[in-house]
Amino acid sequence: MDIVKVSGKNNKHKVLMYAISTCAWCKMAKNFLKNNHIEYEYIDVDLCSEEDKEKIRQDILKRGGHLSYPAIVIDDKIVINGFRKDKISEALEI
Amino acid sequence: MITLEKVRQRAESDAKTYGYYLHPDPDFLKDLLEGLKRNEERYGYPSCPCRLASGKFELDRDIICPCDYRDPDVQEYGACYCALYVRKDLYEGKTPILPVPERRPMEKQVRTYGTAVAQSALEKPAEKAEVTPQESAAEIKLKLWYCKQCGYVVFREEPPYICPICKAKRELFAEIKIHVDIRG
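Listed in order, the protein sequences are those of chains A and B.
Under our numbering, the first residue of the first sequence is numbered 16, with each subsequent residue one higher.
Under our numbering, the first residue of the second sequence is numbered 38, with each subsequent residue one higher.
Think of the hints as simulated: they come from the structure by calculation, not from any bench.
Here the structure is a predicted model, which is why all the values come from computation and not from measurement.
The C-beta atom is built at its ideal place from N, Cα and C for all residues, glycine as well.
Keep in mind that a hint or two might mislead.
[Unchecked claim] If you want a taste of the chain B side facing chain A, the calculated C-beta under 8 Å gives, among others:
1. Asp68
2. Leu69
3. Gly72
4. Asn76
5. Gly81
6. Tyr82
7. Pro86
8. Leu89
9. Cys119
10. Pro136
11. Gln146
12. Tyr150
13. Arg220
[To be verified] Straight-line C-alpha distance at most 27 Å; calculated BS3-like pairs for lysine-lysine:
14. Lys27(A) to Lys100(A)
15. Lys27(A) to Lys49(A)
16. Lys67(B) to Lys20(A)
17. Lys131(B) to Lys102(A)
18. Lys214(B) to Lys100(A)
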């Protein structure tokens, strides 16, 4: 699985974003995190193998999320589906 | 090869036909159009740039732009799922453009995942009874549906949410059953 790490000054929370490479909302979410200096990792799900896609599906559902992107996993717990700036800001305390 | 301009023209023409507008932010719009172009290049059809496609036409048919969910989404939220198509008040900035919840049924979303590994390579079988992506394109049953209001006929798994011709609701669609009776 190709996990891309984006460095940032704020590494208070562990942030993993499941994204789609062609998704404009995902791009917006990536830029939002970057502009707020949040350290995060992302995976473009559409570029993954079928096996990895299946693992991602299970991971998102296991955490109580939906299969819509971006799906942002914060501290291995909270899943925020969609670029919901208010929810992301609240969870990341920014 | 499809050009970005062609993708843009297609979307503009479709928006005009249905009385919608394209996303007002030129950068966001360009990202969406590039996503559609990329999907057309890699899958052979412009599936929604913000949804995961399987790459199998029969499974992705409902999310090919303009997707099956666009009309009800624009009606309810003012924008389609990816926000390529928006209503006038959102285009004019009178109403904010927010993420639209996924309307695509779960069983269709799930079919996108692990289509090549569904039966074999899963490490562990699913512990709870949930929808698994085991349905293959071959198992999809296509039917003929007609709009009782205008007569529009469509050959799909399910009738559309809204008739693309006369805007009648899904409830006004009925299945056409064909019986062949051969007597010698």
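We went through each hint and held it up to the structure:
1. Annotation: interface hint on Asp68(B) holds; nearest CB of chain A at approximately 4 Å, less than 8 Å.
2. With its C-beta approaching chain A no nearer than about 5 Å, Leu69(B) sits inside the 8 Å limit, and its interface hint holds.
3. The beta carbon of Gly72(B) comes within 3 Å of a beta carbon in chain A, closer than 8 Å, and the hint placing it at the interface holds.
4. Using the Cβ-Cβ criterion of 8 Å, the hint placing Asn76(B) at the interface with chain A is satisfied: the shortest such distance is roughly 6 Å.
5. With its C-beta approaching chain A no nearer than about 15 Å, Gly81(B) sits outside the 8 Å limit, and its interface hint is violated.
6. The interface hint given for Tyr82(B) is violated, since its Cβ lies 13 Å from the closest Cβ of chain A, which is over the 8 Å cut-off.
7. Checking Pro86(B) against chain A: minimum C-beta separation of about 4 Å stays under 8 Å; hint holds.
8. Nearest Cβ of chain A to the Cβ of Leu89(B): about 6 Å, under the 8 Å cut. The hint holds.
9. With 8 Å as the threshold, the beta carbon of Cys119(B) comes within range of chain A, its nearest partner Cβ sitting at about 7 Å, so the hint holds.
10. About 4 Å separates the beta-carbon of Pro136(B) from the nearest beta-carbon of chain A, less than 8 Å, and the hint is met.
11. A distance limit of 8 Å between C-beta atoms decides the matter here; for Gln146(B) the minimum to chain A is near 5 Å, and the interface restraint holds.
12. A cut of 8 Å between beta carbons decides the hint on Tyr150(B): the least distance to chain A is about 4 Å, and the hint holds.
13. Taken as an interface hint, Arg220(B) does not check out: its beta carbon lies about 50 Å from the nearest beta carbon of chain A, beyond 8 Å.
14. Simply put, Lys27(A) and Lys100(A) have alpha-carbon atoms about 18 Å apart, close enough for the 27 Å limit, and the pair holds.
15. Between Lys27(A) and Lys49(A) the alpha-carbon distance is near 14 Å, which keeps this suggested pair within the 27 Å criterion.
16. A threshold of 27 Å between alpha carbons decides the hint, and for Lys67(B) with Lys20(A) the separation of about 25 Å falls inside it, so the pair holds.
17. Simply put, Lys131(B) and Lys102(A) have alpha-carbon atoms about 23 Å apart, close enough for the 27 Å limit, and the pair holds.
18. At roughly 49 Å between alpha-carbon atoms, Lys214(B) and Lys100(A) are farther apart than 27 Å, so this suggested pair is violated.
Violated hints, listed in ascending order, are 5, 6, 13 and 18; each of the other numbered hints is respected by the structure.
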